[in-house]
Amino acid sequence: MNWQLVPQQFVTGVLNGGIIAIIALGIVLIYRSSEVFNFSHGQLVMLGAFLTWWFAGANEDGKEIFNLPLWAAIPLAIAVMAGLGLVIERLALRPMTGQPLLAIILMTLGLAQFLEGATAIVFGIEPKNNFPSPFSPSDVITIPFPGAFNDAIILKQALLATFVVAIVAALLFMLFFQYTRTGLAMRATSADHELARSVGINVPRIFGLSWGIAGVIATLGGVLLATLTGVEVLNLPNLPNLRMINASYGERSHLWLH
Amino acid sequence: MLKVNNIEVVYNDVILVLRGVTLAVEPRQIVALLGANGAGKSTTLKAISGLLRTQQGEVTRGNIEFDGQRLDRQAPDDIVRQGIVQVLEGRPLFQHLTVEENLRSGALFRRDGAAVLREDLERVYNYFPRLRDFRQRTSGYLSGGEQQMVVIGRALMSRPKLMLLDEPSLGLAPMLVQNIFDIIRRINRESGVSILLVEQNAHVALQTADYAYVMENGRVVLDGPAATLAQNADIKEFYLGLTAVGERKSYRDVKHYKRRKRWLG
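Note that the protein sequences, when read in sequence, are chains Z and H.
The opening residue of the first sequence carries number 0 in numbering that gives the first Met the number 0; numbering runs sequentially from there.
The opening residue of the second sequence carries number 0 in numbering that gives the first Met the number 0; numbering runs sequentially from there.
For the record, the hints were derived by calculation from the structure and aren't laboratory data.
Yeah, the Cβ is synthetic: ideal placement off N, Cα and C, and Gly gets one too.
Just to be clear, a hint being listed does not mean it is correct.
[As the list claims (entries may be wrong)] To spell it out: a stretch of chain H is covered by chain Z in this simulated footprint if at least three of its residues, at any positions, have a beta carbon under 8 angstroms from a beta carbon of chain Z; those stretches are:
(1) 94-102
(2) 209-218
[Claimed, not checked] One-sided excerpt, in silico: chain Z residues whose CB lies under 10 angstroms from chain H:
(3) Leu101
(4) Ala157
(5) Arg196
[As the list claims (entries may be wrong)] Okay, the calculated bits of chain Z under chain H, using three or more residues with CB under 8 angstroms as the criterion:
(6) 179-191
(7) 199-211
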């Protein structure tokens, strides 16, 4: 084993972990509020990234439709995805209330297929490598590290930036859950549905809200991921194992919702 | 104020649990609902609070009225908004939340500002001074009596007109039971909250209540002012464990049970 590579791998791994954590947060959110494991979260991540790419106007054949700057495209994509989350909950999940949990989870699996197919039809399956990013791959920070490969650790600025954004977003969500009334209502609902109902919390509305927020988180994660890898229908949703491990970890540690 | 008119409740479309229950709660009254396990007491409370639906239960006949409004088709959170709050059996808490978060969760549906909520919290802490010291503590680690206090306090945070209490004495030491019931009486007197109380402990329930109903097999079989019921020979024998002359009953005489329970018919 080449120990020279360890420091570089370690740092890159930690920074990548930030993005995966924020993607996992969306799964944990829905799982903890409604006990549904959302298999379509990867597709939401992908769709969020595609919408941002689309709004930012980077079209394949040079035709620019929206041509928005990135700072406007991201919030717009987030808003659309929040709306989509609400719509999905309302149209696909709420009619399933009272059905066996497995049926509801299978519904999210079907949803995943649907979203993936629809995205492929609308945007095409070829990879989009022109995702608008404020960083170029050659923007790197070199930190001297004696003993490492070339005696240095190389940090891509894009990776560093996404990590910072992921951490800030995670902190904001934590504050939201900890200190707002809605956050408290969501934590209470995640603990016990019947009890939450008995104290007057509108539980179906909380479910809807958690899907809306999951849409927001997914978009954020998708944009961060796309900054690094570009967007592609078959690529982005394919992190299921990592995500599942993270979700079960987050579920157990009660990191966000308890 | 609350009128339950001859309701019938069915679970899962087949299991008939209540077969015609009628009862009423007047403003500022404490009403007790007595009966053995499985008599339908908790189901009656859940029919009123609307929580029946979360368990595939349904009011199939009769109706429930509160201040002239029909309740039996409404969602639980709308019913809480109208001033009826149920304290579930077994003092369930949001265990991972702190005491104060639990109390605040009772007022989440209200639109009032922070100052009003602060005042209401103070009111709860005045009823239960011990909770003030534990406000930042994770509620799951409290003792049974303290948890019961949190649960009642959380119900108070919704500013109820009517509280439905399901077995507040369950699993508490006798002294704590007295304690809790003293506070229930105080809440009733000072805040003017009506209380519908389900209890296995008939003794303390009849002491506390103004009026009482006895349920058996999904029916109300007996009702009357609590003081009158406490003197009723059958109640004395079957619920208070006393013979007609007021002595403790011996197990030797228990075979009388079947013969004497004549209201069942």
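Status of the hints after comparison with the structure:
1. With a cut-off of 8 angstroms between beta carbons, the region 94-102 of chain H has 4 residues touching chain Z; three or more are needed, and the interface restraint holds.
2. Under a criterion of three residues with beta carbons nearer than 8 angstroms to beta carbons of chain Z, the stated coverage of the region 209-218 of chain H fails, only 0 such residues being counted.
3. Restraint check, Leu101(Z) versus chain H: the minimum CB separation of about 18 angstroms is more than 10 angstroms; hint violated.
4. Annotation: interface hint on Ala157(Z) violated; nearest CB of chain H at approximately 37 angstroms, more than 10 angstroms.
5. Because the smallest distance between the Cβ of Arg196(Z) and any Cβ of chain H comes to about 4 angstroms, under 10 angstroms, the interface hint for this residue holds.
6. With 7 residues carrying a beta carbon less than 8 angstroms from a beta carbon of chain H, the region 179-191 of chain Z meets the three-residue requirement, and the given coverage holds.
7. Counting residues of the region 199-211 of chain Z whose CB falls under 8 angstroms from any CB of chain H gives 4; the rule of at least 3 is met.
Checked against the numbered hints given earlier, the structure breaks hints 2, 3, 4 and satisfies all the rest.
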